[in-house]
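Q: Residue numbers (our numbering): 19 to 153.
Honestly, the hints are just simulated from the structure, not real lab data.
This structure is a prediction, so every number in the text was calculated from the model and none was measured.
For glycine and all other residues, C-beta sits at the position ideal for the given N, C-alpha and C.
Any given hint could be a false lead.
What the hints assert, rightly or not - FRET-style restraints, in silico, Cβ to Cβ:
id, residue 1, residue 2, range
1, P62, L38, 20 to 28 Å
2, G90, G58, 20 to 28 Å
3, C107, T39, 30 to 38 Å
4, D78, T39, 22 to 30 Å
5, V125, V87, 30 to 38 Å
6, W98, W64, 18 to 26 Å
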Amino acid sequence: MQLTQLDWIVVCLYITVTLLTGLYFARRASRQTDEFFLGGRSMPWWLLGTPMVATTFSTDTPNLVTDLVRTGGVSENWIWWAMGISGMCTVFFYAQLWRRSNILTDVGFYELRYSGRPAAFLRGFRACTWASSSM
Numbered sequence: 019m020q021l022t023q024l025d026w027i028v029v030c031l032y033i034t035v036t037l038l039t040g041l042y043f044a045r046r047a048s049r050q051t052d053e054f055f056l057g058g059r060s061m062p063w064w065l066l067g068t069p070m071v072a073t074t075f076s077t078d079t080p081n082l083v084t085d086l087v088r089t090g091g092v093s094e095n096w097i098w099w100a101m102g103i104s105g106m107c108t109v110f111f112y113a114q115l116w117r118r119s120n121i122l123t124d125v126g127f128y129e130l131r132y133s134g135r136p137a138a139f140l141r142g143f144r145a146c147t148w149a150s151s152s153m
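Construct all of the structure, not just a fragment, from the sequences and the given hints.
A: Structure representation (structure tokens):
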């Protein structure tokens, strides 16, 4: 396949814009922890809640839906429709409450909500499970 001059211009322009955007946000995010995790707390709460829902969908979601319908019929769609409904509740209710509580992560929520040895165990357990699942 031969690329024309226009193709190369588009590719170079795309790489340049992507690189400059990344450098801008990397510099901005390295100022403070709040900048890195929460966009400096200047973003609207609903925009911060959207990734909470978006991370539950991946490339295997269509395969899951197809298998659910194939094995259990169209009514099995309610399983993932319920996830969509709960995801909207997450964005529109919980994200706003998390924003007001002035925390950064879900482990910060555990620290705020619970105390004592059970809470310390829960925080450690969550940290270990997250770390082991991301390897």
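Q: If a hint holds in the structure, say so; if it doesn't, say that too.
A: Outcome of the hint check:
| no. | hint | result |
| --- | --- | --- |
| 1 | P62 x L38: 20 to 28 Å | holds, 25 Å |
| 2 | G90 x G58: 20 to 28 Å | violated, 45 Å |
| 3 | C107 x T39: 30 to 38 Å | holds, 32 Å |
| 4 | D78 x T39: 22 to 30 Å | holds, 29 Å |
| 5 | V125 x V87: 30 to 38 Å | holds, 37 Å |
| 6 | W98 x W64: 18 to 26 Å | holds, 22 Å |
In summary, the one numbered hint that this structure violates is 2.
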